[in-house]
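Q: Chains as they are written, first to last, in our numbering: chain S, 1 to 111; chain L, 1 to 156; chain P, 1 to 255.
Rather than coming from a laboratory, the hints here were simulated on the basis of the structure.
C-beta: ideal position from N, C-alpha, C; glycine also.
Heads up, a few of these hints could be off.
Some but not every residue of chain P turned toward chain S, in silico, with C-beta under 8 angstroms [said to hold, decoys possible]: (1) P42; (2) E241; (3) N244.
No more than 30 angstroms apart at the CA atoms, straight line, and that leaves these computed lysine-lysine pairs for DSSO-like [to be verified]: (4) K109(P) - K22(S); (5) K9(S) - K145(L); (6) K3(S) - K172(P); (7) K82(S) - K98(L).
Derived contacts from chain S toward chain P, CB cut-off under 10 angstroms, selection only [stated by the list, open to error]: (8) S6; (9) K11; (10) T14; (11) G18; (12) D24; (13) S72; (14) I77.
Residues per chain are reported as follows:
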Amino acid sequence: MSKVKSLVKIKPKTYKNGDIVKVDFVAMHPMETGMRKDKATNQLVPANYINNVKFIYNDTTITTMNVWESLSTNPAISISMKINGEGSLKVVFSDNTGSVNEKSIKIKPKG
Amino acid sequence: MQRREFFKKLGFVAAAAAVVPSVSFAADAAAPKGPNEFSFEEALKAITGSKGATASDKIKLKVPEIAENGAVVPVTVEVDSPMSADDYVKTIHIFATKNNNTRCIAAHLTPANGKAMLATRIKLGTTQDVATIVELSNGTFLTAKQNVKVTIGGCG
Amino acid sequence: MRLAVKTAILLALCGSLSMASEQFSMSDEDRAMYEEMLENNPAEIMIESGGELFEEYCGGDAALAKFLGVKEDALAEYLAGFPRYIESLGMVAGIDQVLQALMHQRGHKPFALKSSEMFELSSYVKSLANDTAINIDVNANKHMKEAYAFGKEVFEAKRGGRGLSCLSCHSKEVIGSILRTQPLPDFRANNTAGTWPAYRMTKSELTTLQKRFQGCMQNALLDVLPLGSKEMNALEVYITERSNGLPIAIPGLKR
């Protein structure tokens, strides 16, 4: 299972407990709809898209998402998050082929 | 994706499942459509049942009036909500009303989000309305939509 | 007969140009939404990969600075002056060609100029000069002077099936006119040289300015010039000069 590269960012970069920050998630994924024809082979490229995303903050799942093939290739998704303690934010994402990937970042509130 | 599976994933109660129209998919299988074909009308009915959704200015739906290209169209939905334990936005759905599969994303939020906001980028096959259905913790549904003109052209 | 056809095509072209239709002009609000997307540019991940390639195949900042004969802390400013005449290569070259030479020196088979690895690698290296002002010196030596003059010649040469030159659609007179639903760009106002390499939304790829030139040529029915050729490098010198003084800000986000 090849690793799908992704990045997770918090904006702003500095925050305190109680702040509501923006969480950005971007993944390198083709998001194939299954309805596109490969010009070279004239065959339909099979559907291959992220269909589920989970945001887990210090072992609590704060947001889950169902995603479909209508999202752009190399999708970017943003949500808000209330800072509530030091720890980590883990984003787990899976696609319709069964591939599962994840990315974690540290959450370090200043005060 | 079978309709039942769709509902399970949305955490629907059996009651909601009961309003699923018993349409057979055999006919669809013949036509060369995507496996996830789903219309906005079907989605609205599936999500809200007989309740329907009310247009609301508590929703701020941000999409460009004119999209420079159909491959990457930015969409942001913000809902005016306290996001407290007893009054929060449960789900924000985004739809491309004319795409073969109207469903783009369904984000299930919790008070831990602090703010009801969802932003992403979608593919639009043609000029169409981009719509959102918002489910609140009190069981009601709000909706908003905006038309997006998709320009196809350019050189190179 | 040919002249009549050419004239007809040019008139039709001018006709569609003058149709600067309001309906295709994006509003300021719309433009702002696209600018916001620069924050989460998928190309950032590709550039990160480029950074890994840079360490593995080129030896990082120290090796590149040494190869170029500059101090490491002067590397960013030096990179912001490309394309440059590189003595060891005996030609006016782009960052990608320098990296090819460096890879070769380190015993690796260089990535092809048109490969995605090279796009990632050269984009990463150019990004080391982010926020640095472009400072290409087109009078630095006779090679740069020649390249600039040649670049202007290539830009203005009428070629191909429609007898078009770059100038046909990129002259001062037609900036802002709408052609095939897109407003024709002002290379300085858009800081073209400073915002490429960029993520192309319609291709979902990180590509370079020269690759973009190729797309343009293809659509205008001009013979596509090879990446890294004398013509293409000269063209890049000519276009980069227009952005002198403007900061590098990559990866860009383009249609």
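Q: Could you run down the list of hints and mark each one as holding or not?
A: Quick rundown of the hints versus the structure:
At about 4 angstroms, the closest approach between the beta carbon of P42(P) and any beta carbon in chain S falls short of 8 angstroms, and the interface hint on this residue holds. Given hint, E241(P) at the interface with chain S, is violated; its Cβ is 33 angstroms from that chain's nearest Cβ, farther than 8 angstroms. Hint status for N244(P): violated, given a least beta-carbon distance of 32 angstroms to chain S, over 8 angstroms. Using a Cα cut-off of 30 angstroms, the hinted pair K109(P) and K22(S) is violated, with the two alpha carbons roughly 43 angstroms apart.
Between K9(S) and K145(L), the direct Cα distance comes to roughly 29 angstroms. Compliance with the 30 angstroms bound is thereby established for this hinted pair. Note on K3(S) and K172(P): the hinted pairing is violated, with a Cα-Cα distance of about 48 angstroms set against a maximum of 30 angstroms. With a CA separation close to 35 angstroms, the supplied pair K82(S) and K98(L) exceeds the 30 angstroms bound. Residue-level restraint check for S6(S) holds (minimum Cβ-Cβ distance to chain P is 7 angstroms; threshold 10 angstroms).
Interface hint status for K11(S): upheld, as the beta-carbon distance to the closest one in chain P is roughly 8 angstroms, under 10 angstroms. Restraint check, T14(S) versus chain P: the minimum CB separation of about 17 angstroms is more than 10 angstroms; hint violated. Against a cut-off of 10 angstroms between C-beta atoms, the interface hint on G18(S) is violated, since the closest Cβ of chain P lies about 24 angstroms away. The restraint placing D24(S) at the interface with chain P holds, with a minimum CB-CB distance near 5 angstroms, inside the 10 angstroms limit.
Using the Cβ-Cβ criterion of 10 angstroms, the hint placing S72(S) at the interface with chain P is satisfied: the shortest such distance is roughly 8 angstroms. With 10 angstroms as the threshold, the beta carbon of I77(S) comes within range of chain P, its nearest partner Cβ sitting at about 9 angstroms, so the hint holds.
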